[in-house]
Amino acid sequence: MNQIVHIFPYLVAGWVFLCGLYGIATSRHLVHTVISLAVVQTSTYVLLLNIGFRTGGAAPVFADISPGITTVDPIVQALMLTDVVVEATVMALLLAMVVKAYEKAGTLSPDDLRLMRG
Amino acid sequence: MITPSPALPIAVPLVAAAFLAGLRKFLRRWLADLIATATAAANLWLCTALLRASWHSNIVYWFGNWFPRGRMVVGIGFEVDPVGAGLATLACLLTLLGFIYSWRITDSGRDLFQPLMLIFMAAMCGFAMTADLFNLFVFFELMSTAAFALCGLKTHEPAPLQGAFNFAVTNTVGAFLILTGIALVYAVTGALNMAQIGFLLGSRHDLLVIAAAAFLCSGFLIKAAIAPFHFWLPDAHSVAPTPVCVLFSGLMVELGAFAVLRMTSVMFGQSLLQPHSAFRATLLLLGSLTVVWGGLMCFAEHHLKRVLAFSTISHGGAMLLGVAIGTPAAITGWLTYLFAHAMAKAGLFFTAGILLHRLQSMSEPQLFKRGRPLRFTAVLWLLGGIALAALPPFGLSNGEDLIESATHAHAIHLWVTLMFFFTSAMTGAAVFRVGMRVFFGLGDAGPADRAAKIDEAPDGPEEQHHIPARMFLPAALCIALSAAPAYIPGFGRWFFNAAHRFLAQSLYIARIYAQPVHYVLPPAPHSDLGSTLMHGAIAVVCALLLASWAVFHLALPRGFRGATHLEGPMFPLRKLQSGHPGDYVVWCMVGFVLLGGCLFLLP
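Line by line, the protein sequences give chains F and P.
Using the working numbering, the first residue of the first sequence is number 1, and each one after it goes up by one.
Using the working numbering, the first residue of the second sequence is number 1, and each one after it goes up by one.
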């Protein structure tokens, strides 16, 4: 049982990753592609949360807890925050490109936007 | 000579970029150009100074002076070794040449071109010098985001948006693979500093370590455009402005392979890299696949920038072979090859940019015969082709020879030699074929494929009858520098020193913990001029024959027109280049499964 609890978050992360990839691969709308990419990103949150988690750990704010008390890993939270910021930029850029592409081509289906073929 | 702080090459361009972006409404174009060029020049000086200072021992710099406590690394640090500093110098040099080339042109994307280029340069410098794994990821993302924006600068056309979108989606998936790998490494070791990770991992070799390595490598190989991760690269190159193409092909792609090498040598040095391990075999397999795939597609394309893009893929695969072999001699070859290829490819892209500026097209059929008045451009183009075909004195021949001789008396020697010959002959043939048709007007216009019709608004307003010297200068300089390893004495010894230090895991770790290191440089290998000349000459002759075969196919009897199939429209590999980001991501996953599977299953 303990083993399953231990492995479960990894499985969830993998599942979310695959869901996002499936979304990108079968996407028929560019906004949907970008959102699927965000879903892929969510899987990294699950993974990082799991790695930093300590059973019974307190929040790592050391202002009001005495040293020596178990806390969850603060580094992982810093990583996640950075990740959120960086990927928010990428998503914004991608959505801006989608808006521009719609202005130019009048369509958002990647099947119709294939000037790059061949 | 004073040593500048390693933080400066990142801080200076970022501050200048913020300044330029903030004040762009008020700055005249020439003033913005001047500030950007001066910043790139200053950065070039800083990186050169760092390169000199790192010569005898790596420079370690802790941000906020958070130096390690005991074995515990608490801060974010840079460790500047000659390879990292050298790549940063190359980034600054290419950016500087790009600014000179685009002085007062590249009107597309009007005001944001210079700030984005500066951010791109800063990110590449940081990427090459950092010692922290997560910091590496942050610089990777900064580099990628600036690259996506630069690629899609010409937002008033449909093609750049699609190319940049495919590029962005594929590379962002790569970033998530890297982040997953970092998370797994952190789960195993609880550390983020690469040296500390290497120290903690030791020779540990279990499922989690292999999985982490597979995720990290796949992510960086997407950036390195190794088949089957490479589909984004031609799309990005065919739409990006010329100076941006130079940076993409010259350095960004190679930085992917650099990251793989840095990771494997510093972090997984003892856990994955035993000689003849599965990891080397996997990289050899992927590199060979890339050489063949890129070479065939390079000859099949008729859009000038796509021809050069596929040539970058093929050469990137050849460089991965050097990384896979991984002995100090092979890494010396890899560095020589990287430098010479960056210069030759930059020269060719600048020359293609001159053609675009003068004749308003990048399509081989449309340019047919129209390049005949441009004699100087023709010379540069053909010299670039000879450089790609690795004829001495161009540096690719030295690199090739060093990598080949590193496998001497080994079963794969013949295979590696064959692969290098293939990439030289195919990419050289494609460049010669374009040269014959465009500059000499030989044969017929050649088949027109879909991708050759990708419209690109030229950098200037209308057809120009005058080509300014500032466009020729970077092209000529790049081609000349591509032969630098031949005429600057000591180049080989420098590269060997850099490669040897780069591969020494214990050295890197000892410097982070400020321990004394004893380091004796073994004698450098010599490259044999006779064999390089012979290999280069054979490759050039084969390339010329193949190019002539394609150009003069109508003069041949019907049964002997095989080259038309090689460059024809029905080429099966071309169908895979579908232009759909979903397909590209699926191919990336195929590559990930292939790489992970090989790592798990091979003994």
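Don't take each hint at face value.
[Stated by the list, open to error] Listed next, the in silico BS3-like pairs over lysine-lysine satisfying Cα-Cα at most 30 Å (straight line):
1. Lys100/F to Lys25/P
2. Lys575/P to Lys104/F
3. Lys25/P to Lys104/F
4. Lys100/F to Lys369/P
Honestly, the hints are just simulated from the structure, not real lab data.
Q) Regarding the pair Lys100/F and Lys369/P, is the alpha-carbon distance no greater than 30 Å? A) Violated - the C-alpha atoms of Lys369/P and Lys100/F are around 36 Å apart, more than 30 Å.
Going straight from one Cα to the other, do Lys100/F and Lys25/P come out at no more than 30 Å? This hinted pair holds, its Cα atoms lying about 22 Å apart.
message = Hint check: Lys25/P vs Lys104/F, CA-CA at most 30 Å. Holds or violated?
response = Judged against 30 Å, a Cα distance of about 26 Å means the pair holds.
_Lys575/P and Lys104/F were given as a pair; does the straight-line alpha-carbon distance stay at or below 30 Å?_
Roughly 25 Å between the alpha carbons, so the hint for Lys575/P and Lys104/F holds.
The structure fails to meet hint 4 from the earlier list, while all remaining hints are met.
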